[in-house]
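The primary structure of each chain is shown beneath.
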Amino acid sequence: MQLLSGDARRAVFAPLDDGALRSEAVVRRVGSAIALGLLGDGEQLPTETHLATMLNVSTVTLREALAELRKLGLVETRRGRGGGSFVRSRDDVLAELADARLAELGTTDLRELGDVHGAVAAAAARLAASRASRTEIARLRDIVDRLARAESVTDQRRAEGRYFIELAACAQSVRLTMQEMDLHLELGQLPWPPEHVPELLDVIVAGHRAVVDAIEDRDQARARALTEEHIETRTLWSIELRLQRVADDAVRQEVS
Amino acid sequence: MSGPTSRADEVTRVGAAVSAVVERLFGAVAAVRAAALRSSAWDEPRSGRPVLDDSVRDLLRAPGQLAVGLGLVVAPQPGRGLPLRLEWWQVDPDSGRLRTLEPDLKPTSLGYYDYTAAEWFDVPRRTTRRHVVGPYVDVHGTGRYLLTLTEPVVVEGEFVGVAGADVSMRRFETHLLQVLGRLPVPFLLVNGEERVVLSTAPRSPVGSLLPPAAGPAPSGAAVPGIPWRLHLVDDGTLLRA
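First to last, the sequence lines map onto chains A and B.
Counting from 915, one number per residue, gives the positions in the first sequence under the numbering used here.
Counting from 16, one number per residue, gives the positions in the second sequence under the numbering used here.
Watch out, some of these pointers could steer you wrong.
[As the list claims (entries may be wrong)] To give an idea of the chain B side of the interface with chain A (calculated C-beta under 8 Å), a few residues: (1) Arg53; (2) Pro150; (3) His155.
[To be verified] From chain B, some residues computed to sit far from chain A (all C-beta separations above 12 Å): (4) Gly42; (5) Ser55; (6) Asp58; (7) Leu125; (8) Leu161; (9) Leu192; (10) Pro239.
Calculated from the structure, these hints are not laboratory results.
Glycine included, C-beta positions come from ideal geometry on N, C-alpha and C.
I would like the entire structure built from these sequences, with the hints used as guidance.
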């Protein structure tokens, strides 16, 4: 597989640089790629050697990660002719994985991620308000409509990811577009708030529609401010979900 | 030179240089189209055999080639079991080597490259005429800031796809600015969406849209062969305290 920079899958197989706990990082990366559909159900993964080289991990680490993915049920390995490792998309496992990731992170990590996403997306929204053509604005609107109609959690995640990536493309910026792709691979590792509170999808859709309206009105300041505000809200949701988990764990411990 | 070049002469000179580049790129597209038309792969479309031969790669490697990508994008025909397919080569910006473009064609993916909805595919299909799109960020494809030039490929009266060329905005600009040399007056070249394609006026960089009211008067001159317009502007230096 030759992946070019514009391909969102590139980020899936980009070298890992977070040092410790690398097999877990591989598991998270693959999980997020499945959640975003970058790795489709039934899709064959590259060979172990190739995958290890791409991710810049040892084959030992990679085997550990694949064993874990198999245990989780996200990867199935078949032997013999036509064999290899194949992706299994399972929403229940992905939700558990996201929950486990949330538990690992501190609220500061969530705020940091939100800060960067806010900076990138708000800059993109401001630029899009001056640079997006009518065709591009119509495409943004179409993506938000698709998000509103999406029924499964994975479809919602994908539609929202495409919204932010397209917003950066409307800014006529390759660099902001790449940043969004990388950020979504990280955001895709976290729980999707509407999965916990379904009504939040309406809040998300309304938030994006208001930004697209501002872009159409060529109101740069409003497009920027609304995007910042929306992402701040989202960050606070993640933080609250994280804190709720702590509270739930405490209750569980008291009960037992 | 006997005197200051007139503004009208300048417009003609820039317009001709832009047209020449566009025609040169469409020349490459026509060569890809010819390679597609002489292919026998259309006889058994289901075989999955490549349509294009090595001539396309040679063309992309040819010295002085302005295109950074060339190829054929096949029209999917779900009814006949023919999926989305590209035969597209491009020059890797880092290594200079040729690579095939293998975008994500899974409709359920975040990275789905839905080219049938892309302007460079859809417009030639609908109009049966050649088309230029850009500058635009080729999201989910090459990931570059591009102009894409395409023309329809029709086999036995049936639209089977588009032949096309990508040129990066960097290469397009570098080449044209070099050809044009020193210019007496800053100019803006804008596409049909009023987006700046080439500019020697720092206040209006490539990719920006001309503001509807504040922009130059609609006196812009048409560029032969392409729906772009050229505006001369009075844009003083910004490098001043």
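Hint check:
For Arg53(B), the interface hint is violated, since its Cβ never comes within 8 Å of a Cβ in chain A; the closest pair sits about 27 Å apart. For Pro150(B), the interface hint holds, the least distance from its beta-carbon to any beta-carbon of chain A being 7 Å, beneath 8 Å. At a threshold of 8 Å, the smallest CB-CB gap from His155(B) to chain A is about 6 Å, leaving the interface hint in force. Against chain A, the non-interface label of Gly42(B) holds: every CB pair exceeds 12 Å, the least being about 25 Å.
With a least beta-carbon separation of about 27 Å from chain A, Ser55(B) lies farther than 12 Å from that chain, consistent with its non-interface assignment. No beta-carbon of chain A is positioned within 12 Å of the beta-carbon of Asp58(B); the least distance is around 29 Å. Listed as outside the interface, Leu125(B) is inconsistent with that label: its C-beta sits roughly 4 Å from the nearest C-beta of chain A, within the 12 Å cut-off. A beta-carbon of chain A is positioned within 12 Å of the beta-carbon of Leu161(B); the least distance is around 10 Å.
Separation of Leu192(B) from chain A is adequate, the least Cβ-Cβ distance of about 19 Å exceeding the 12 Å criterion. Annotated as non-interface, Pro239(B) keeps its C-beta farther than 12 Å from every C-beta of chain A; the closest such distance is 24 Å.
Taken one by one, the earlier hints fail for this structure at numbers 1, 7, 8, listed in ascending order.
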